[in-house]
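**Student:** Sequence:
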Amino acid sequence: MFSSVVAFYYAHKAIVRPEEINYIPYVPIYILLGATAIIRLAACLVVFTLGTQILASFIVFCRRRDDYTKSSPYDQVRC
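Taking the working numbering, I'd label the letters of the sequence shown as residues 1 to 79.
It is possible that part of the hints are untrue.
[To be verified] Label pairs and their computed distance ranges (CB to CB):
#1 Y10 / I31: 16 to 24 Å
#2 V6 / Y30: 20 to 28 Å
#3 Y10 / T52: 48 to 56 Å
#4 Y23 / L55: 49 to 57 Å
Derived by calculation from the structure, the hints in this document are not laboratory data. Note that the Cβ used here is the ideal one computed from N, Cα and C, for glycine as well.
Could you put together the complete structure from these sequences and hints?
**Tutor:** Listed below in structure tokens is the structure:
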């Protein structure tokens, strides 16, 4: 209800005196800081996840052939 009253107020003002409209939306600083912190934390988490996955892939890709043939469960023999 409140938002429709505000919308009708500015619509009426635009029709009657369009040169006097000076509505500037205000966002409280704590909302901006909170949103910025959440976005930065999410970006850091994405970078960390991608970095660890790339490092793990690089380590697996660069192993010597005998390292991964020895560790294969099909090649292990019970004594």
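**Student:** Each hint should be assessed against the structure and marked as holding or not.
**Tutor:** Evaluation of the provided hints:
no.	hint	result
1	Y10 / I31: 16 to 24 Å	holds (22 Å)
2	V6 / Y30: 20 to 28 Å	holds (22 Å)
3	Y10 / T52: 48 to 56 Å	holds (51 Å)
4	Y23 / L55: 49 to 57 Å	holds (51 Å)
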